[in-house]
Structures are given as C-alpha cells and as structure tokens.
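**Q** Top to bottom, those sequences are chains A and B.
Heads up, the final residue of the first sequence is numbered 109 in this note's numbering, and it's a clean run with no missing numbers.
Heads up, the final residue of the second sequence is numbered 1109 in this note's numbering, and it's a clean run with no missing numbers.
Simulated from the structure, these hints should not be mistaken for laboratory data.
It is possible that some hints are incorrect.
[To be verified] Below, computed lysine-lysine pairings styled on BS3-like, alpha-carbon distance capped at 27 Å:
#1 B:1100 to B:1034
#2 A:3 to B:1034
#3 B:1100 to A:100
#4 B:1100 to A:3
#5 A:3 to A:100
#6 B:1034 to B:1003
#7 B:1100 to B:1003
#8 B:1003 to A:100
#9 B:1034 to A:34
#10 A:34 to B:1003
#11 A:34 to A:100
[As the list claims (entries may be wrong)] From chain B, some residues computed to sit far from chain A (all C-beta separations above 12 Å):
#12 1028
#13 1030
#14 1035
#15 1042
#16 1065
#17 1067
#18 1080
#19 1095
Keep in mind that this is a model prediction, so the values were computed, not measured.
Beta carbons: idealized from backbone N, C-alpha and C, even for Gly.
Number of protein chains: 2
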Amino acid sequence: MNKPAQTPEPPYYAVIFTSLRTDVDEGYGDMAEKMVSMASQQPGFLGVESTRGEDGLGITVSYWESEEAIANWRRNAEHRIAQSGGRERWYSEFVTRVAKVERSRTFTR
Amino acid sequence: MNKPAQTPEPPYYAVIFTSLRTDVDEGYGDMAEKMVSMASQQPGFLGVESTRGEDGLGITVSYWESEEAIANWRRNAEHRIAQSGGRERWYSEFVTRVAKVERSRTFTR
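So that you can see chain A by itself, here it is in the shape it has in the complex (with noise of 0.2 Å):
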C-alpha cells in the first residue's frame, strides 16, 4: 500500500517532482515503475511517496541520505528516461525541486 514513507531523522534530501501528464500513455507505466524500482534500489535512498490526482497533477517526493545520493540516482535516471524517448512525451509540464528536510513531524493513529 501506498503510505507516507518511513524515512529516519532529519536532516536528509528531498526531491520533490510535480508534473502534469500529457496524454499519451504508451510506455508511461513501464517508465514510472522502472523509475521507482531503480530510486530504491540506489545507495541513500530513504523512501518515496507519490500520488496522481483525477485532475492530473502528480506529486512524487523521494527522500535520499545526501545529495551526493541524489546526483547518481538522476545519472542513471536521466540515462534511462533518454533512452526511452524522453520525459516531454509523458508530461506537458514539470517542476524538480531539491530540498533539505530540517525537521519532521509525525502522526500515526
């Protein structure tokens, strides 16, 4: 199940991508997967969180131990996206933002 992710003390790296689809969906799925299976398999990643809603923006943040994390998992995801035609055939707009988590708060039930 989808769930807020379960990342330790900060502090620790955010990076926050907001998106728009464009649409055309071939090979979207397999990318999106590939994306989110190659993030957690990378040395510093932490979790990740990500949702669409019906009016089409999408919001996935990963968390990650450093940016040194950060900049060898976009290497490989910029060469793979490369390869499969490129991220503007799936979205008409995106936002990537990297942050640094200062401090977190948590509720469960």
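Got chain A; can you put chain B on it based on the hints?
**A** Showing chain B alone in chain A's frame:
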C-alpha cells in the same frame, strides 16, 4: 486548475504534508478549503500543490519565503484546526516535513 506552483528562484522553504485519510468526511472539505485560502493570504506564501490519489494517499506541498512565514502560518492553522476538532479526526496517519529548497528546474511545453 491545479498546476505545479510557480515559485521564484531558490532558496525558499517547502512544507511537505503527506497523509492518509480516515473515513470521516464530516468537516473535512471545509477545513481543507479554509487551510488553502488562509495560507494564500499569509505573508511570505509562495504557492501550493495538492493532490490525493484513489488509494487515499495525499501530498500537499506549500512554499514559503522564510521559516518565519511558516511559523506564523502554523500558529494560525493549528489554532483553526484545533477549534474544528483536530487533524486526528480526518487523518489516520500524516507526516509533516519542513525543507529548504536549494535548487529547481522547470519544464513547460
């Protein structure tokens, strides 16, 4: 329309709120709407992105000029939420993370 937020050049701050809903709907829509409208009137507010998937996982990211702006917003929001019965009614689990955005990249078709 719900779109990626247009934010200035980093640095700025992000509050990443990831949640799972309970099945209590009473008051939820009203509270969620009020939170966004209150946030957008706060000094230092830069934008917000919010989405919830069919599996119940929701991610809301709000962007702020400074930590002070976040602290001001939180005081108002928590007061209002407490008055309306507390977040714990609507959420079975949530994590709030405060992060400093260090860099960003935008693609627009």
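**Q** Take the hints in turn and mark each one as holding or not.
**A** Hints and how they fare:
no.: 1; hint: B:1100 to B:1034; verdict: 25 Å, holds
no.: 2; hint: A:3 to B:1034; verdict: 25 Å, holds
no.: 3; hint: B:1100 to A:100; verdict: 5 Å, holds
no.: 4; hint: B:1100 to A:3; verdict: 23 Å, holds
no.: 5; hint: A:3 to A:100; verdict: 21 Å, holds
no.: 6; hint: B:1034 to B:1003; verdict: 19 Å, holds
no.: 7; hint: B:1100 to B:1003; verdict: 21 Å, holds
no.: 8; hint: B:1003 to A:100; verdict: 23 Å, holds
no.: 9; hint: B:1034 to A:34; verdict: 38 Å, violated
no.: 10; hint: A:34 to B:1003; verdict: 25 Å, holds
no.: 11; hint: A:34 to A:100; verdict: 25 Å, holds
no.: 12; hint: 1028; verdict: 15 Å, holds
no.: 13; hint: 1030; verdict: 19 Å, holds
no.: 14; hint: 1035; verdict: 16 Å, holds
no.: 15; hint: 1042; verdict: 19 Å, holds
no.: 16; hint: 1065; verdict: 14 Å, holds
no.: 17; hint: 1067; verdict: 8 Å, violated
no.: 18; hint: 1080; verdict: 17 Å, holds
no.: 19; hint: 1095; verdict: 4 Å, violated
In the structure shown, a violation is registered for the earlier hints numbered 9, 17 and 19, in ascending order.
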